[in-house]
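With the hints as constraints, model all of the structure from the sequences given.
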Amino acid sequence: MEPTNQPKLEQLPAEMFTIIKAASNGIGPRLGTLALPGRKAIQTPHYLGLTSRGVVPHITQDNFARATSISGVYVGLEDFIEKAPPHTPPLYQFKPPDGSSPLRRFIALPEQTLLVLGARRTPPLAAPSANSNTHETVAVCTAVGFRTLRAEYYAEVVEGLKADIVVGLGDIPFGRALGHKRVVKATDRTIQWMQDHVTRRRAVVERTAQARLFAPLLPVSCAKQQHYIDSLTQDLASAISGLAAYDLASLGDLPDSLGHLPRLGFTAPSTPHDILQHIAHGIDIITIPFVIAATDAGIALDFAFPPPARNATNERDLDNPLPLAIDMWAATHATGIYPLTTGCECYTCTSHHRAYLQHLLAAKELLGWVLLQIHNHHTLDLFFAGVRLSIAGGTFEQEVERFAQAYESRLPEKTGQGPRIRGYQYKSEGRGEAKKNKAPFTMLDDGREKLAESALPAANADASELEEQGFAEKDVQ
Amino acid sequence: MSGLSGLSVPEDMVLRPRPSALKFDLVTKCSTTKARAATLQLPHGPVSLPMFMPVATQGSLKGLTPKQLEETSCRLCLNNTYHLGLKPGQKTLDAIGGAHKLQSWPHNILTDSGGFQMVSLLKLAQVTEDGVRFLSPHDGTPMLLTPEHSISLQNSIGSDIIMQLDDVIATTSPDHARIEEAMHRSVRWLDRCIAAHEKPHSQNLFCIIQGGLDLDLRRECCEEMVARDTPGIAIGGLSGGEAKAEYCKVVSTCTSLLPDNKPRYVMGVGYPEDILVSIALGADMFDCVWPTRTARFGNAVTSTGVFNLRHASYAYDFRPVEDGCKCTCCRPPSEGGLGITRAYIHHTAAKETAGAHLLSMHNVHHLLDLVRQARESIVEQRYPSFLRAYFGKLYAGDKNKYPQWAVDALGGVGVDLMA
Ligand SMILES: [Zn+2]
Ligand SMILES: [Zn+2]
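From first to last, the protein sequence lines are chains A and B.
If you read the first sequence in full-length UniProt numbering, its first letter stands for residue 1, the second for the next number, and so on.
If you read the second sequence in full-length UniProt numbering, its first letter stands for residue 1, the second for the next number, and so on.
Treat the hints with caution; some may be incorrect.
Have a look at the derived ranges for each label pair, beta carbon to beta carbon [unchecked claim]:
(1) A:Thr350 / B:Ser73: 22 to 32 Å
(2) A:Ala331 / B:Asp130: 23 to 33 Å
(3) A:Arg310 / B:Gln41: 52 to 62 Å
(4) B:Thr128 / A:Ala331: 30 to 40 Å
(5) A:Ser69 / B:Thr39: 34 to 44 Å
(6) A:Ala126 / B:Lys91: 44 to 54 Å
(7) A:Ala331 / B:Pro142: 21 to 31 Å
(8) B:Ala170 / A:Glu345: 43 to 53 Å
(9) A:Ala130 / B:Lys67: 40 to 50 Å
(10) B:Ser73 / A:Gln277: 41 to 51 Å
Read the hints as simulated data drawn from the structure, not as lab findings.
Using N, Cα and C, we set each Cβ at its ideal position, and we do this for glycine too.
Listed below in C-alpha cells is the structure:
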C-alpha cells in the first residue's frame, strides 16, 4: 500500500538522538543524548531497567519513582499476551481516560521514564524447538508457555500501546546460532516484517504520538545480512529511528549511513567488563540481565568506573584484584552497621545497613531483594556516569584497561538461595512436572500454615548455636 | 467478685505505681458503647487508640520498606520474639542495638513473648512451671524458654511494648483444670517477668489476662493482674477458634474489670468486623497477620468484602483495588498515587513479588484507615451509626447476612444493628 501523505510522514524528528562525541571511523565508544518528548533526556551510554510483567523485579512502582534513578525501562510484550488467542489481552482493552499510553498507565511507569517495548523479554527464554519461527510468526513465551506471535499482529498492537520506542520484530533465534542457510531465511523474513510494519505506520495519519521504531539487527555481521542492511539504508531509512543489536558482530561493519542511529544493545553482558567492551563497540543503551540475577543471588554490586586508584607498584594490589560484588549472605555481615558499599548514597545504603540485609536474606524476607535491587541499579547509574565522563575526557580506553586490572574478572558465585523462582526464570512446559520450588521446610503438624509466614532457621543450626544466640537454654534436667 | 481470690486492690491503694514508659490520655468515651478514643505516648512517639498494628514478623513487613510502611500511616508494628530470637539472635541484636536499629524503623515496636509461637508452631512444646520446654526445630535437642529468657530477649530487641510470657491454652481445650492452672501460672510468670525486666523506663511490659472461656477465671485473672499494675494490659488466649459469641463475652467481661487509664490489647485479632465489635466492647489495640498474609494470595480487603484478584473476572477490571481508597496503590496519579488497577494486580499476583507488595500496602492501609475512621466517629460520638453504616455497606444492606454474634454483642452495648 503506497501511502498518500508521504511528505508529512517523512518528518522524523532529527533531534531525538544527538551524538556528542564519537570516533571518526565510526567504531568505538560514543557520547550522546536520547531525548523523547515528555521524557527526561538520557545521556548515553546508559542502560535500561529490565522488567518482568511490567515491573523491575521486586521494585513496586512507588519505590521505583522514589528510590531509584532508572531512566528508562524495557518491557517485553510476551509478558502481557497470555490470553491471546482466543481472548483479547486486557492491556489492549485498557483505555486511560486522558488518552495516555495504555502500557505506561497499566504498569504505572512514571511519566518521565523512557518506555521501550519489544516482543520478547530480556533475557528471553530459548524456544524448545530449533525452528520455532516461521515466515509469519515468532515463538514467544507467555505465562502459559510458548505461543506463536504473528508479525502482523505484533505490528498492529504495539502501535496502540504508545510506548516511546518499539523494537521491530526480527527473526532472531534466541539461544541458537544462525547457520548460513538460516541467515538467508532470517534476512528475508525480517525485511518482510519490517517493511510491513513500516507500511502500517505510514498509513496512520496522526503520527505525533507514534512510538519511534528501532530496527533489529540479526546477530551476524552486516555483510551476512546485506539485503536487510540495504533495505534499512534505502526504503526503510526514513522510518527507522534506531537499531537494536543482539550481537556485537553486527556493529563491526555497520555502514556509515546507519551511524547516526542510536544503538540499543540486547547483547547480554555478564560482567561490567563486558559492558565496557560493548560500549567500546558503540552500544549506546544496553540491557543488563546480570543485575537482576545478582540481586536474586543476594549479591550487592560493588564496582566503580573509573576504578579506584591503586598503587601500580604495589604488588599486593596487582595480585589481589577487587571483587566486583559482595555476597550479602555471608554471616560476617550480621553485625555490620554500615552501608552495603562504602560511601554509597542509594536509598538502601543511606537507610539501612549490611546487618539488616544479611538478616533479611537469611530470614527469606522479600524486602532483602527489594533493597538489593535498589542498590544494584544505583551502582549501575554511577558506573555509567563514570563511563560517560571518561569518554568525554578521552580517557575511556585507559580506564577500561585499569578496570580490567583492578577488578576480578567475574562476579562472585552465588552461595545463598534466591527468592522463589518466578515466571521469568522458569516457564511451565506442561502439567505434572516436578515443583521447582521446594518448600523451605516441612512441618509434620498444623503449624505449617503459620510457619509459612517465615522460614525457620537453617536446618543445620544446632541447639548449642541457638543457645549461643540467646534464644533459650538447653534443657539439662 | 468477693471470694474469688481474696485479693482486692482498689486503685487508690496502689501507692507506688510501677515504672512505666508510656502515657495514656483518654480522649473520649463513647456515650453508648464501651468504646474509647485515647492517645498513647510511647518511647517512639504517640499513637492513637483504637489502633490496628500490622505484623512485621522478622523485622520487615512482607516486602515493604519501612518508608512504605510509614506511608500506610502505621506508627506501631509488631515483631515476633520467637523469630528474632532465632534470627538474627540475641547476641546480634545486642551488637546492633536492638530491633529499631536493625530495621531502621523510627516508630514503635511491640513484641510478643515468643511463648505462643512456640506452643502453636512446635507441637511437642510442653509447659512446666519453669517455662516452655520444646525440641529445637533444628536438631531435636530439648530446650527451655523461661519468663526470664523471654524478657531478656525482649530487652535486647528494645521494643516499646513487651509482653509477659504466659501459659497459653487453646480456649477450646476441654481440660478445665489445665486452663485454671495456666491462668494461675500466667500470674506467677508475670511476677517473674516483672522481676526480670531490666528496662522498665524505656519498655512497657504488658500483662496477659488468661482463663479460657471461663468468665470467673477471667475475672480472677483480671483482679490479680490489675493489682500488679503493668503499664498496659492484654487479653490473651483468644482468636484460637472459639465461637465468636464466647470471644465477645470474654472481652466484655475483662474490659469491665480493667482500669480506664490503661491501654487494652486483644491479641491476634483480627478481621475488620472482629476489631470493630471489640472496640465497642472496650478494647483498644489489635494485631493480625491476616491483611498481609492474605495479600500474598491475591486477596484484597475492602469495605465491601474480601476479593481474590487472582480470579479471572478481574483480568479486565480497570478500577482501583478499592474505589476512593487513599492508599499509594489505589490513589490516581493526579493525587500522587500509582493508580494501580485490579487488572494489574491480577497480572502480577503470584507471578511477581511486587504484586503482593502492592496489595499488602492496600490491605494494611485499609485496616489502619478503618480503625482511624472508627476512632474519629468515637470522638464525634457517632460510633453506633458508624457501626450500622459499616455493616450495611459490607453486606450490601442485607441484614439477614449480618453475623448473629456481632448483632448480639453490639446489642449488649446498646447498638441495634437491625434497627
Ligand atoms: Zn547502595
Ligand atoms: Zn488502596
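Status of the hints after comparison with the structure:
Judged by the Cβ atoms, the range 22 to 32 Å given for Thr350 (chain A) and Ser73 (chain B) holds: they are separated by roughly 23 Å. Roughly 32 Å separates the CB atoms of Ala331 (chain A) and Asp130 (chain B), a value that falls within the hinted 23 to 33 Å. Under the hint 52 to 62 Å, the C-beta atoms of Arg310 (chain A) and Gln41 (chain B), about 54 Å apart, fit the expected range. Take Thr128 (chain B) and Ala331 (chain A): their Cβ atoms lie about 34 Å apart, and the range 30 to 40 Å holds.
For Ser69 (chain A) paired with Thr39 (chain B), a C-beta distance near 40 Å keeps the hint of 34 to 44 Å intact. For Ala126 (chain A) and Lys91 (chain B), the hinted distance range of 44 to 54 Å is satisfied, since their beta carbons lie about 48 Å from each other. Between Ala331 (chain A) and Pro142 (chain B) the beta carbon distance is about 26 Å. The supplied range of 21 to 31 Å therefore holds. With their beta carbons about 51 Å apart, Ala170 (chain B) and Glu345 (chain A) fall inside the hinted range of 43 to 53 Å.
Separation of Ala130 (chain A) from Lys67 (chain B) is about 49 Å and conforms to the stated range, judged on CB atoms against 40 to 50 Å. Between Ser73 (chain B) and Gln277 (chain A), the C-beta spacing of about 49 Å keeps the proposed range 41 to 51 Å intact.
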